[in-house]
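Protein chains: 2
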Amino acid sequence: MSTDDRPPARPRPATIRDVAKAAGVAVGTASKALNGRGRLRDETRNRVLLEAERLDFRPNDLIKSLLRGRTFTVGMITTDYFGRFNMPVMSGIEDALGAAEILVFLCNTRDDPDREWKVIQSLLAKQVDGIIVMGRRTDPRPPIAIGRSQVPVVYAFSSVEDPSALSLLPDDMHGGRIATEHLIDTRRSNLAHITGPSDRDAVRLRRAGFEATLQDRGLAIVEDHILCGDWTELWGYTAVRELLQRDPKVDGIFCGSDIIARGVMDGLRELNRSIPNDVAVVGFDNWDIIATQSRPPLTSVDMNLHDLGREAARHLLAKLEGEEISGAIRLPCTLVVRESTRASTD
Amino acid sequence: MSTDDRPPARPRPATIRDVAKAAGVAVGTASKALNGRGRLRDETRNRVLLEAERLDFRPNDLIKSLLRGRTFTVGMITTDYFGRFNMPVMSGIEDALGAAEILVFLCNTRDDPDREWKVIQSLLAKQVDGIIVMGRRTDPRPPIAIGRSQVPVVYAFSSVEDPSALSLLPDDMHGGRIATEHLIDTRRSNLAHITGPSDRDAVRLRRAGFEATLQDRGLAIVEDHILCGDWTELWGYTAVRELLQRDPKVDGIFCGSDIIARGVMDGLRELNRSIPNDVAVVGFDNWDIIATQSRPPLTSVDMNLHDLGREAARHLLAKLEGEEISGAIRLPCTLVVRESTRASTD
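Those protein sequence lines, which keep their order, are chains A and B.
Start counting the first sequence at 24; every next residue gets the next number (the working numbering).
Start counting the second sequence at 24; every next residue gets the next number (the working numbering).
To be clear, the hints were calculated from the coordinates, so they are not data collected in a lab.
Values in this document were obtained by computation on a predicted structure and should not be read as measured data.
Treat the hints loosely; a few may be bogus.
No copy labels: a pair is met if it fits in one copy or bridges any two.
The calculated DSS-like cross-link candidates involving lysine-lysine, where the alpha carbons are at most 27 Å apart (straight line), are [unchecked claim]:
hint : residue 1 : residue 2
1    : K44       : K55
2    : K141      : K55
3    : K44       : K272
4    : K342      : K149
5    : K149      : K44
6    : K141      : K272
7    : K44       : K342
8    : K55       : K272
Full structure from sequences and hints, please.
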């Protein structure tokens, strides 16, 4: 820090007055030239534009915002750290809003209600046009407190207890269905499901998709073949040993996450079961670094979170235009097939 | 969308006029009461504050910003997708700026120079107080084009060709040093280094740290023990087989990334080498999901990227206060010790 406490003067940015003066025209004329309005001789217009360029003149968005009553900014709130699931959602949101020339404020509330309240006050004071709330998981949360503000709000990868709110979520049940259908379609008939904590919405729904598909395809639901635990590799590794003791003839395993699948595959390898010839494995998340680098590479359900972010942004823009939308919208998953389920005869 | 194309009128937010009218006082009096200035009877002040509360009155930051010449906003530019390395840096930046009541615009330029130019124009039009540029890797990039704007810029986890610019980077050489020192301190004497592409700054510096430490500790640098390849698990898996053919007596491996270390550990297990008893392994990145879930858990170098983000924000704030800082600042790494290097006798 310099000994003089006052910051040095920064050169003042050029104003429209400077441009008009340099071009030798009235301020009104300069304004017409810069906004492409009114009748002006080409020579005059060009002179103004040239001076604006030379002086690096930039119109001040703050003034425009005050006049138009819109700031072309949106607040994006994450309730937790910037994690693996938020990342692609954020990227999709920024993508869609950037295309609409809207800039995004990024705020992290760290699951702290006081901090959340403060962040929302700041966003409202900055006159954001809308707010998108992201979660770390999809279990319902209370709505954010925006007081009497009428600012549109969308929940992305985050559901909310208020039925009049709009939230966008992956269709976990559909994800469970396509994983199970794929195992049956690749000639597996004795299936198991190793997954995360049984009290989570995502676990409940993926399991429901698994069971509904077995029923639809005339296969029995075996209670012993469904193991709930943690979202860890160690749990997958432990659970698959337990599973094969209960029934050595299991030939297909749908895992609740790629991390669990990774542990399951390590366990199978140590039990000398070939993947996919003896046992086929499907994961959930399609987490690139895990799914593609597994041996063999892992077939996995993709929640299309980037698209979910884009959709959340599009719905916010629609709300800004006055459209009334509410409720939970569930977006389809897709299956990415890799070697862990490809039958050797394929 | 409703059939009527015009958006429905949204209730107008309360203005200071509405508050004054509701409290039965002049606008000037209301302003004094809300700003805590001037002399007013307690009863009057309280009536104004009560009405402001009831009407959900929010002062408009845009007007304040115009008056103060500062917007309390900062632009944060990522040159690539929101990745594994950006995430903690972003989180640290948001953390430190949030504490200073500054909101952060998040912009992704997707490595596209046209898009970067547009994003910078938008940020300057929004009158941001400063810009932080993040990279996906630490190899030098050209400075961003801010024209004649005097807005302060800091590069975080991103270095720049312009020596007058300020960039904050992890000290990769220091990281290489502490990894190697730890292997030697845990009684390993025949060390190897399996790492990423040899043309990357991070690879060159980590290797330099490895070699300098061997020299300092009186150990030979064996060219055959240094293998450069890709940042993949498969490369680690392949390289460790090659390495042990070249020299079966290697007892410690410093890996250029956790992903590579993961492949190295898989390879060692299949070659029936016990970790850490036969061979100790150190990774780089301290990527939680990889390092903690490996078997055994992986000792790894942490670049402290959250702290790096915080430091970048602090330096930006100092620049805003007029401090003149430039050059590349390298921040120390730390070693997180886990089972992959703990000698069995410990």
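Practice task
Check each numbered hint against the structure and report the violated ones by number, ascending.
Solution key: 3, 6, 7 and 8
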